[in-house]
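Trainee: Construct all of the structure, not just a fragment, from the sequences and the given hints.
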Amino acid sequence: MSPKLSPLNQDRLIFIVYILLIALPSLLVVGLPLPVTSLAKSFHSTIEGVRDRGVVLWVTDQTFGTWVELGSGEIAIYKHLFSLAQRRGIRLVFATTYNADGAVLSASIVQDHIIPGGFAKGLKYGENWVQLGWLPGWEASLRGLVTDIHKVARADYFGTPIEKIPMMKDITSVKDIDLLGHSGYYIDEYGRQWGGLGKPWVVSISATTVAMAKPWFEKGIVTTYLNGQRGCAEYEALTGYRGLATSAMDAQSLGHLLAIAILIVPNALYLARKGLRRSNSTR
Amino acid sequence: MSEIMRKAVVLSFAIPALFIVFSYYTGAVKSEAARLIAWPVTLANFSIILGVATFTRYHLERVTKRTEQWPFNLIAVASFMITFVLALVAKSTYDYVVSNVVIVLQISLMSFISFYNFTLFYRATRVRTAEVGLLLVSAILVMLWMAPVGEAVSPAFPTIGKWINDIPSGGAMRGILIGIAVGIIGLFVRSLIGYERSYVGG
Numbered sequence: 001m002s003p004k005l006s007p008l009n010q011d012r013l014i015f016i017v018y019i020l021l022i023a024l025p026s027l028l029v030v031g032l033p034l035p036v037t038s039l040a041k042s043f044h045s046t047i048e049g050v051r052d053r054g055v056v057l058w059v060t061d062q063t064f065g066t067w068v069e070l071g072s073g074e075i076a077i078y079k080h081l082f083s084l085a086q087r088r089g090i091r092l093v094f095a096t097t098y099n100a101d102g103a104v105l106s107a108s109i110v111q112d113h114i115i116p117g118g119f120a121k122g123l124k125y126g127e128n129w130v131q132l133g134w135l136p137g138w139e140a141s142l143r144g145l146v147t148d149i150h151k152v153a154r155a156d157y158f159g160t161p162i163e164k165i166p167m168m169k170d171i172t173s174v175k176d177i178d179l180l181g182h183s184g185y186y187i188d189e190y191g192r193q194w195g196g197l198g199k200p201w202v203v204s205i206s207a208t209t210v211a212m213a214k215p216w217f218e219k220g221i222v223t224t225y226l227n228g229q230r231g232c233a234e235y236e237a238l239t240g241y242r243g244l245a246t247s248a249m250d251a252q253s254l255g256h257l258l259a260i261a262i263l264i265v266p267n268a269l270y271l272a273r274k275g276l277r278r279s280n281s282t283r
Numbered sequence: 001m002s003e004i005m006r007k008a009v010v011l012s013f014a015i016p017a018l019f020i021v022f023s024y025y026t027g028a029v030k031s032e033a034a035r036l037i038a039w040p041v042t043l044a045n046f047s048i049i050l051g052v053a054t055f056t057r058y059h060l061e062r063v064t065k066r067t068e069q070w071p072f073n074l075i076a077v078a079s080f081m082i083t084f085v086l087a088l089v090a091k092s093t094y095d096y097v098v099s100n101v102v103i104v105l106q107i108s109l110m111s112f113i114s115f116y117n118f119t120l121f122y123r124a125t126r127v128r129t130a131e132v133g134l135l136l137v138s139a140i141l142v143m144l145w146m147a148p149v150g151e152a153v154s155p156a157f158p159t160i161g162k163w164i165n166d167i168p169s170g171g172a173m174r175g176i177l178i179g180i181a182v183g184i185i186g187l188f189v190r191s192l193i194g195y196e197r198s199y200v201g202g
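If you're matching them up, the sequences are chains X and F in order. Just so you know, the working numbering puts 144 at position 144 of the first sequence, and the rest follows in order with no gaps. Just so you know, the working numbering puts 117 at position 117 of the second sequence, and the rest follows in order with no gaps.
If you're looking for bench data, these hints aren't it; they were derived computationally from the structure. All C-beta atoms in this analysis are idealised placements derived from N, C-alpha and C, irrespective of residue type, glycine included. Don't take each hint at face value.
Simulated restraints on C-beta separations [claimed, not checked]: (1) 28(F) / 159(X): 33 to 41 Å; (2) 113(F) / 170(X): 40 to 48 Å; (3) 261(X) / 61(F): 48 to 56 Å; (4) 23(X) / 87(F): 31 to 39 Å; (5) 9(X) / 100(F): 31 to 39 Å; (6) 270(X) / 185(F): 45 to 53 Å; (7) 198(X) / 67(F): 54 to 62 Å; (8) 60(F) / 23(X): 36 to 44 Å; (9) 187(F) / 9(X): 48 to 56 Å; (10) 71(F) / 176(X): 47 to 55 Å; (11) 181(F) / 170(X): 33 to 41 Å; (12) 99(F) / 242(X): 18 to 26 Å; (13) 51(F) / 242(X): 34 to 42 Å; (14) 4(X) / 188(F): 55 to 63 Å.
Covered stretches of chain F, as calculated for chain X (at least 3 residues, CB under 8 Å) [claimed, not checked]: (15) 27-33; (16) 159-170.
From the structure, some residues in chain X lie toward chain F, with a derived Cβ separation under 7 Å [stated by the list, open to error]: (17) 65; (18) 68; (19) 141; (20) 148; (21) 151; (22) 214; (23) 260; (24) 262.
Mentor: Structural data, given as structure tokens:
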């Protein structure tokens, strides 16, 4: 009779197999093909479709938690937006409304990826992009950003009064904005405040809550969305700014296969035992 | 709180709310409505001060009373104070701490969830009824849709997974969304006519 594993050791075994499986792609690139969905293509083309010198309001409402899933895609989005600012003079307004994490992450993207990567070359802070930082209040701030930015954001992330920022002189409300976008875990709050404004609105949303995006998308309120880490990987493929989301796809595939195996095998054994017990009792 | 005070508080909420609704539907007094919308942002700033005060008081009380595991309370307060001071006097050090300590710790903590998910899959999902079986099959198909491996195995998996997400799951989400919207309208109307007074202890 084989020794039975204790529950603690069963957990340990699962954890070890899981760690090994998700570590495997870093040693051995499987490189499973990743078809780009129409949603990701539409996300890319909507951003590309912003008119020259147009204004994009991007709200980074991510927490450090969602960053694991959506962070890499967010970096690709920033790179794409900044490259448009370089090529076509598009002006970028970054803000955060959910909690302070988003403002820190937004600033770190610019500091660690945009400036060192040369995406801000030829651009000037305050003329081509502005970081408003965290505007506490979430839904109230979201509404304020489209009704009167100057009333909800008195100063930017660095403490400069908003009236002293040159590009903000002619950006006051949604009438001056050409594209709305946000990334994070939630969507309903944004739909309530941004729905019906008649502006394209793109979302990078966690796979956990992506089903919530569906009703907004079906009604045309949300123009398009990126579906979690997979959507981010597709977007990285479209923009050419490949990052962690792309490399995480193999790990995600193997992790999901393990999850499926953990769901199927114990259940198959459970059902087999149940069937055996039933047939024994009828004998 | 006296009944008169409660009514006064309810009215003080109702009047600005009605003003914003009036501006939204008529397009009039937009600037004044925008100013009113900015109020909650200011209030939210004050709530942060309140949060900091409550946090500090709670932990310091536990430290001074030497309650169980008080050193952790001390670490919490000290960490907050150090980060707060760094943010004010040494921005580059603060950025370093946030990037290399706070973000890393938070991400590590979140990553633990995936381990617990696997334990949950193993322990809590037994097909005891047909409904559980259906849920399990749906979960597997959605996972095969989300991960590239699904399409590599069979092109049918993404189609089925997407159908589950779009039709049954999407329909349920629509229902939830409509329910929430009706609930919000109901709450708003109740607040306006003074029936909803739980927030003033009524």
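Trainee: Which numbered hints does this structure break?
Mentor: none
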